[in-house]
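**Student:** Protein chains in written order, with my numbering: chain A, 939 to 1157; chain B, 939 to 1157.
Be aware that one or more of the hints could be misleading.
Any copy, or any two copies together, can satisfy a pair, since identical chains are not distinguished.
[Stated by the list, open to error] Derived SDA-like pairs (lysine to any residue); straight-line CA-CA distance at most 25 Å:
{"id": "1", "residue 1": "K1107", "residue 2": "I1008"}
{"id": "2", "residue 1": "K1107", "residue 2": "G1137"}
{"id": "3", "residue 1": "K1107", "residue 2": "R1148"}
{"id": "4", "residue 1": "K1107", "residue 2": "R1012"}
{"id": "5", "residue 1": "K1107", "residue 2": "T1136"}
{"id": "6", "residue 1": "K964", "residue 2": "D1126"}
{"id": "7", "residue 1": "K1107", "residue 2": "E986"}
{"id": "8", "residue 1": "K1107", "residue 2": "W950"}
These are calculated hints, taken from the structure and not from any lab test.
2 protein chains.
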Amino acid sequence: MEIKIVKQILEWNEDVSRQVTEELDKNRVCLINVMGSPGAGKTSLITELINRLRDSYSIGVIEGDIAGQIDADRIATMGIPAVQLQTDGACHIEAMSIQNILPMFDLESLDVIFVENIGNLVCPAEFNIGEDLRISLLSVPEGDDKVEKYPLMFETTDALVINKYDMIKYFNFDENRVISRENEANPDAPVFRVSTVTGEGLDGLTGWIRERISNKIGK
Amino acid sequence: MEIKIVKQILEWNEDVSRQVTEELDKNRVCLINVMGSPGAGKTSLITELINRLRDSYSIGVIEGDIAGQIDADRIATMGIPAVQLQTDGACHIEAMSIQNILPMFDLESLDVIFVENIGNLVCPAEFNIGEDLRISLLSVPEGDDKVEKYPLMFETTDALVINKYDMIKYFNFDENRVISRENEANPDAPVFRVSTVTGEGLDGLTGWIRERISNKIGK
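All chains, please: the whole structure from these sequences, using the hints.
**Tutor:** Have a look at this one:
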C-alpha cells in the first residue's frame, strides 16, 4: 500500500520535472543537482565551484534545507543570487519546488543554477527535479561502503565526487573499493577525488563541469 | 496533498508502534533505536555497546539498510542474533517492519534489541518503531551545524552521541555550538563525546544506557 502511494507522488513529480527541463532549455540554463549526506561538504563544494566558474558564467543557487537559512546566507555573502528552499521536514526536493522558485531568478541572464539538495543519500535520488547534471558527494569520513549501501544515489549520478580527500590518511577508507563499485554500478560516471579545504582535485572537476555546461548552453 | 498522505502513513505507523511497545513490555525487552547519518558510525557504536553489555544482558540486533547485509554480517560474527531488514529503497524503518521481525527472536530470553536505522537524519526521526530509547549519532566530520539543520532528529532523541571525537583536532568543529543547541532543543538529552576507535567516552555512555535498560526490565 505504501509503495503505491510513493509511485503516485513520483509520477506526478516526473511530469513537473519535464516542465522544469523545458523552461530551463528555453532559457539556456544548466541546472546542477548536488546531493550527498549531511556534512559531506555540499555547500563548500558549491562555493568552490562558483569561485572557479563565475568569470565565465552567470550563476544562481537554490539551497535546500529542512529548516533555517545557514547555507543560503553563505552563498549570498558571495554576491550570488540565492534562494533558500525550506522543506519543513521533507527529506528531499521535489520538482514542484524548483518550478515555483525559477521565476524568482532572472532566467534570461542566468547560465547555471546549482541546487543543493537535502543532506540525505536516499530520497533525493528518487526525485528528478529537471536537472541537467547530478553530482553526488561522498566524503572520506563516511566510509567506503556507501556505494553498496545506497545504490540508487550512486547509480543515477553523473559524477561521484569523493570529498575530504585530504583526510584519507586518518581514516580506514579503501578508495579502490569505492571506485570499483562505482564503475560497476555506473560505468559512465567519472570519479573525482577532491578537498574543498586544500583545493586538490577541484580544477579537474571544474573542467568536467565546464564542458557539460558548455554542451548544454553553447558557451 | 502530499502532506496529507504522509499523515495517513504516520497515523497508521503510530498504531503499530504502540502494538510493538506492548509486545516488548510483555516480554521485558528494551528496544534501542540508533539513528544517524550514513557513515556516522552506527554499526561500530552498536558493536562496542554489545561488547560492554553482553555479560549482563542477552542482546539481539535488527540491521536496517536500503540494500545488502554488510552490517548484519558484522554483528553475526560476534555471535549475536541479527536480522537484516532491507527496506528496498525506503529511507526509514517503520513499526510494521519491527512487528514482523520480533517473532524471529526468542523474546522471552532476550533483554535488549538494538535497531540500526537507515543512515538518514530526516525520515527515521518521524517514525516511532515502538522503541524505549532513541540514540542519535552525530560524527565530528559531519560538521557542527547539524542540530540546527535537522531539528526533529535532535529534538526527539534521548541522547546525543558525538562520535569520531578523536578526530576533532583535524576538523573545524565547534562542540560548544552543538551542545548548546542540543540543550536548547532538548534539555533532557545528555550529550556523550565518544570514539569507537579509541574507546574514549564509551564507558560513560554504556553506564547511562545500562541504567535505562535496568529501569525498564528490572535487571
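**Student:** Work down the list of hints and note, for each, if the structure agrees.
**Tutor:** Comparing the hints with the structure gives:
1. Proximity of K1107 and I1008 under a CA criterion of 25 Å is satisfied inter-copy only: 24 Å between copies versus 30 Å inside one chain copy.
2. In the homo-oligomer, the alpha carbons of K1107 and G1137 lie at most 25 Å apart both inside one protomer (17 Å) and across protomers (20 Å), since each shortest distance falls under that limit.
3. Taking the shortest alpha-carbon separations for K1107 and R1148, neither the intra-copy value of 30 Å nor the inter-copy value of 35 Å comes in at or below 25 Å.
4. Proximity of K1107 to R1012 under the C-alpha cut-off of 25 Å is restricted to the inter-copy arrangement: shortest distance 24 Å between copies versus 29 Å within a copy.
5. When the C-alpha separation of K1107 and T1136 is checked against a cutoff of 25 Å, the pair qualifies both within a copy, at 14 Å, and between copies, at 16 Å.
6. When the C-alpha separation of K964 and D1126 is checked against a cutoff of 25 Å, the pair qualifies neither within a copy, at 27 Å, nor between copies, at 54 Å.
7. In this assembly of identical chains, the alpha carbons of K1107 and E986 lie at most 25 Å apart whether taken from the same copy (23 Å) or from different copies (23 Å).
8. In this assembly of identical chains, K1107 and W950 lie within 25 Å of each other by CA distance neither inside one copy nor across copies; the values are 45 Å within and 47 Å between.
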